[in-house]
Amino acid sequence: MDIFKIIIICIVSTVLCVVLRPYKSEYSVLIAILTAVLVLIFVLKSLISPLNLIADKIISAGVEIKYFKVALKAVGIGYVTSFAADICKDAGQTSLSSLCETAGKCAIFVLSIPLLISVCDMALGFIK
Amino acid sequence: MDVDFIFRIAAIGIIVTVLNQVLIRSGREEQAMLTTLAGLVVVLLMVVNAVADLFTTVKDLFGL
Numbered sequence: 001m002d003i004f005k006i007i008i009i010c011i012v013s014t015v016l017c018v019v020l021r022p023y024k025s026e027y028s029v030l031i032a033i034l035t036a037v038l039v040l041i042f043v044l045k046s047l048i049s050p051l052n053l054i055a056d057k058i059i060s061a062g063v064e065i066k067y068f069k070v071a072l073k074a075v076g077i078g079y080v081t082s083f084a085a086d087i088c089k090d091a092g093q094t095s096l097s098s099l100c101e102t103a104g105k106c107a108i109f110v111l112s113i114p115l116l117i118s119v120c121d122m123a124l125g126f127i128k
Numbered sequence: 129m130d131v132d133f134i135f136r137i138a139a140i141g142i143i144v145t146v147l148n149q150v151l152i153r154s155g156r157e158e159q160a161m162l163t164t165l166a167g168l169v170v171v172l173l174m175v176v177n178a179v180a181d182l183f184t185t186v187k188d189l190f191g192l
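Protein chains in written order, with the working numbering: chain A, 1 to 128; chain B, 129 to 192.
Please note that a few of the clues may not be correct.
To be verified - Only pairs whose alpha carbons sit at most 30 Å apart, straight line, appear in this in silico DSS-like list of lysine-lysine:
(1) B:Lys187 x A:Lys5
(2) A:Lys24 x A:Lys5
(3) B:Lys187 x A:Lys69
(4) A:Lys105 x B:Lys187
(5) A:Lys66 x A:Lys89
Derived from the structure by calculation, the hints contain no laboratory data.
Just so you know, these numbers come straight off a predicted model, no measurement behind them.
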């Protein structure tokens, strides 16, 4: 995962965005979106092997994999939401970007409900 | 990492801008508008395909 390639791509596409902004501002937003997508795909592809390693380690340690999966989903939602929110903010639509963030927070909250319930049951078990 | 996508979109943007000016100067405003829309549709299709790839990658990776 060579960081220099990503940095060069981001700089070049920023220059392209600035060049195209006065003539066609929609193309500069589209270039920004495409660069973000390509870089994210490149970065996430390099995340696959470490995550599998961690999952195997957790399974071998006998810890329940369910909790790690929920945490992983929350991280995934976080990535996608921040990706969308930053692009909306970049294009000038601050209301849409905060909308994306709120949606992401709600999604993560809904995701964590089962965990909260199991923690409460555990706590109640101790009290009784 | 297909970087040429970015340069392809920038090239389309520049070509559409130049075509737009040429058509406007020669008095054909409607065709200029159509060229702009056509360029935009092509670029939007490419971007949407790339975003679809990103979402499938995220779904596979994080199990969403």
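Would you check the hint for Lys187 of chain B and Lys69 of chain A, treating anything up to 30 Å between C-alpha atoms as holding?
-> Holds, because 12 Å separates the two Cα atoms, which is no more than 30 Å.
Straight-line alpha-carbon gap Lys105 of chain A to Lys187 of chain B, limit 30 Å = holds, 18 Å
Please work out if Lys187 of chain B and Lys5 of chain A have their alpha carbons no farther apart than 30 Å.
-> holds, 25 Å
Given pair status - Lys89 of chain A, Lys66 of chain A, alpha carbons within 30 Å | violated, 35 Å
Agreement of Lys24 of chain A and Lys5 of chain A with the hint, judged by alpha carbon distance not exceeding 30 Å | Roughly 27 Å between the alpha carbons, so the hint for Lys24 of chain A and Lys5 of chain A holds.
Consistency note: the structure conflicts with earlier hint 5 alone.
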